[in-house]
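K.L.:
Listed below are the residues making up each chain.
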Amino acid sequence: MSKLLKDKDRFLSIVLITPSILAVLIFIYGFIGWSVRVSLSKWKGLNPDYSWNGLANYINLFYDPRFAVDVRNTVIFTGVFVIGTVLLGFFLAVMLDQGLKGEGFFRSLFLFPMAISYIVTGVVWRWLMNPATGSRTSGLNLLFSYLHLDFLQNAWHTTPKWGMAAIALAAIWQMSGYTMALYLAGLRAIPIELREAAQIDGANEFQIYRHIMIPLLAPVTLSALIILGHMSLKVFDLIVAVAGKQLPLDVPAIYMWQTTFDGLFYGRGAAISILLLISVAVLIIPYIWYTLHTETEQ
Amino acid sequence: MKKTSRLGKYWLYLPLIAMAIFYLIPLYVMLVTGFKSFAEVDLKTMWNLPSGIHFDNYIEAYSKLAPSLWNSFAMVIPAALLSSALGSLNGFILAKWKFRGADAIFPFILFGMFIPYQSILIPLVQFMNAVGIKGLPGLALAHIIYGIPITTLTFRNYYASLPQELLEAAKIDGADMLKIYRYILLPLSAPSFVVVLIWQFTSAWNDFLFAVVLTGNKQWPITVALNNMAGSQIIAWNVQMAGSLLAALPPLLIYIFLGRYFLRGLLAGSLKG
Amino acid sequence: MKKLSWILFSLLAIVAIALTACGPKAEEPAQPAATEAPAQPAATEAPAQPAAGGKQVEVFSWWTGGGEAAGLEAMIKVFKAKYPDIEFINAAVAGGAGTNARAVLASRLQAGDPPDSWQGHAGQELIGTYVAGNQIQPLNDLYESEGWLEVMPETLIPLISDNGNIYSVPVNIHRANVLWYNPKILADNNIAVPTTIDEWLAAMETLKGAGVQPLALGEQWTKMHLLETVLLGTLGPDAYNGLWTGTTDWGSPEVKVALDNYAKILTYANSDSASLSWQDAAQLVVNGDAAFNVMGDWAEGYFRELGKTPETDYGWAPVPGSVGVFQFLSDSFVLAVGAPDPEAAVAWLKIAGSKEGQEAFNPVKGSICARTDCDKALFGVYLQSAMDDWASNIVVGSLTHGVVANDSWKSEIDTALGLFIQNGDVDAFQSALVAACKASGPCK
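Residue numbers (my numbering), protein chains in the order written: chain Y, 1 to 298; chain E, 299 to 571; chain X, 572 to 1015.
Please note that a few of the clues may not be correct.
[As the list claims (entries may be wrong)] Below, in silico cross-link-like pairs of lysine to any residue (SDA-like), each with a Cα-Cα straight-line distance of 25 angstroms or less:
(1) E:Lys-516 to X:Val-917
(2) X:Lys-648 to E:Ser-361
(3) E:Lys-516 to Y:Asp-237
(4) E:Lys-477 to Y:Val-15
(5) E:Lys-307 to Y:Leu-187
(6) E:Lys-516 to X:Ala-663
(7) E:Lys-307 to Y:Asp-97
(8) Y:Lys-6 to E:Phe-397
(9) E:Lys-307 to Y:Leu-109
(10) X:Lys-779 to Y:Ser-135
(11) Y:Lys-8 to E:Arg-398
(12) X:Lys-1015 to Y:Asp-49
(13) X:Lys-1015 to Y:Ala-56
(14) E:Lys-469 to Y:Thr-18
(15) Y:Lys-44 to X:Met-795
(16) Y:Lys-42 to X:Gly-683
(17) Y:Lys-44 to X:Gln-708
(18) Y:Lys-6 to E:Tyr-481
(19) E:Lys-307 to Y:Gly-99
(20) E:Lys-342 to Y:Tyr-146
(21) E:Lys-342 to Y:Ser-135
(22) Y:Lys-101 to E:Phe-320
(23) Y:Lys-161 to X:Asp-998
(24) X:Lys-827 to Y:Asp-64
(25) Y:Lys-101 to E:Ala-316
(26) Y:Lys-101 to E:Leu-556
(27) Y:Lys-6 to E:Leu-464
(28) Y:Lys-161 to X:Asp-843
(29) Y:Lys-161 to X:Ile-992
(30) X:Lys-1015 to Y:Tyr-63
(31) X:Lys-835 to Y:Thr-159
(32) Y:Lys-101 to E:Tyr-311
(33) X:Lys-1015 to Y:Asn-60
(34) E:Lys-307 to Y:Glu-103
(35) E:Lys-342 to X:Arg-875
(36) X:Lys-1009 to Y:Trp-52
(37) Y:Lys-44 to X:Gln-681
(38) Y:Lys-8 to E:Leu-464
For the record, the hints were derived by calculation from the structure and aren't laboratory data.
Input sequences plus hints: build the corresponding full structure.
P.N.:
Below you can see the structure in the form of structure tokens.
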């Protein structure tokens, strides 16, 4: 292969990827840069004001009781959502991996909520999680009473302090199909010989999963944790659709939206979004580094 | 591949069916409410079946949403196709045609997948206005660009898993980069294209945030129109639910019919290299 | 990192060369195809550019449904009859109390792409945000030429003015301090309609003892609505006005009493309030599930839509402590600085301020005219009583609906209120309110 051709190809490859890089440079890094700048400004009101404010917006958030509520809510939501989605997804994948009839049907069924936006299902979840009691009981609580499962009735997202966990339920509904699909693909990629060898060694089903499958699925679990984790940090539309913008269910993304667009505190709003971005980055960057690193070693 | 049942077989249906019911509950509520008459809609009787099958609500919802439905198609289809094409090209270059620094470019693009979009809304609108790209083309452009990270990731991981020998043979035959892409990799890319197209189609279809700030009323896609249908006083929930189902139908059909292929290509789309 | 930035830099340099060499086509392959995609790109192009020959007016609001949208449609009809050659573009965006709409509007204004006219609550919401941002034009000339100064109430004009300039055309008036009650529940429990906060608290205690839900309340903004009426009911109109001009101290014992009253009233509310919209909460009263609800008089339009009869299914009174006071809010339209078609925009404002336009809009929306010369016969029994009160009462402005506080201040109060609802700490609430007035209000 001639050197000339090689050079031409290298040049071509750089030219072809350049539009994407430029777009990412402007639309992602440029805009982030803008937000960083605004977060260091005194901008309050409709018109831009870039006068320097140092880290004041960040420091104020540190003492802001509302931001403390947000952090707490995000931790609860992330915990319930990530653990619930991973466990349920894994459970469904194991079920579907048993080679049952109708697998395709169930698979589509578990996957379909991913296709629907909360603009569409938000109202339904609002109805389902209606916390009214007595003669106005409705939603899932009413269903529980039909089924004589009254002990399951609860105040859902209006439960003091733990309301976020109820919101996470709707998120689990939407995303557990995704983890199921990931795990199912992962399970199918495990050579059948491994399983058979273990069976010959006298391992039972549980032991096979415990000692062979789950460790082999670790990379899948890790990427699921990362994807779900970063989603939960950014959660916004689900909460707004189910419960509106109310302080007990406040999260950073909602605070950012309200303080920016309702209160015109652009500096503070930008600071919140940068903090969000940093927390996402803390999660993502080591992971990206790790995966790329292990990849090159292979 | 034929599998023997590893756990006892039939009792497995019990948990599966229980879970299926859990997944179907919201859909059930949407369906039955969509068929009810206005007078029948009441939270206390939300679990009851409708008195009959009336398609009036669907007809009314369709007549209100039809223009937006076509706006959505007009915006989503080019957005999904182009961002997939770009992702495929990028993935090819980053996986198989590395120039110096390509390894640094990949995480640089990838990180864009994770930013909270609310935080870049204002500069986005300002930029689009400054360059004069408005309405549906602007919205499509936004979806294409913000889709680049995930499409690049998917294709890059897929192409990286293909053996290098595939390319070497062609190189020896004197094929240049574009020929290798066109005649060797592209024909192998179908599974990844399915994943990426589904992903991009649904995320652009379901998007509300970009749509509401980038389009005016004649170009509103379905999500904005649906949101507007819920007025501020008496909401005709039956029509609203019918409209919700109509809006959900295209991505739903895609998941149902292409779900198999989606599953196959999904692992490549996860972050795992 | 250093390596990365060097690579980026050299890439940019290469791109620059490549671009000049191959023209614009390499820059963004996505654009041309995306532009072709929509069915009729010319017709769907941004409304900012009027189609050749035709004039257009783009009016932005959050009236997308119910009586509001119907009222807007009625007013548009009047507009079309009078200006058949101007195309009306209804750019309404829905969203809880207009919040989505406001985000859209803010980003358009910052991008220098304003609609010709938009809806805003008359008062500080408009003045503190858009006048301060130099986004709307004074309309004094229009008021002169249309003779509106004679037909709009004198008390209203200062509230929509800043430094002697009038900035918006109010189309309607709503009343915020209305106590809705279920007459049957009150009669069954031998309760007279309360006129003071103490009477109200006593009545609710009786109802609670009888096993009746005393007060129906909805999501967070309805609680702010309740708060403003309790502040008014406790402090009286003068001290209430002083809160917003800086003459009443937010840290004073009087305000503490008002907040204590508010805390007590909240204890009589339904436990599921956070999950109810204002409609759901108001409906509890007409359905006989609760005795009282405090909501603006748009609730009356909702009751009528539900097919309920005034005075039998629901009764109304000023919120206790605010008898003889009319706490108002008003939707109004503005003229954008840099409106794409100022002439068409002024034509729209003329309709919005006209007798014909307001008579078309208000009976459908369920509000009274901002003008004082509307035909009373067009309105129902409640609205007629509101018209009388509007003409005779002391007028004060609403907080929740944008009259008395600018957006930043209001959002700080909202946050303080949200925290208070969660922790119930009145003292912390009061000091947060003091801080909010200092940071974003007139307090020093």
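K.L.:
Are any of the numbered hints broken by this structure? If so, which, sorted upward?
P.N.:
none
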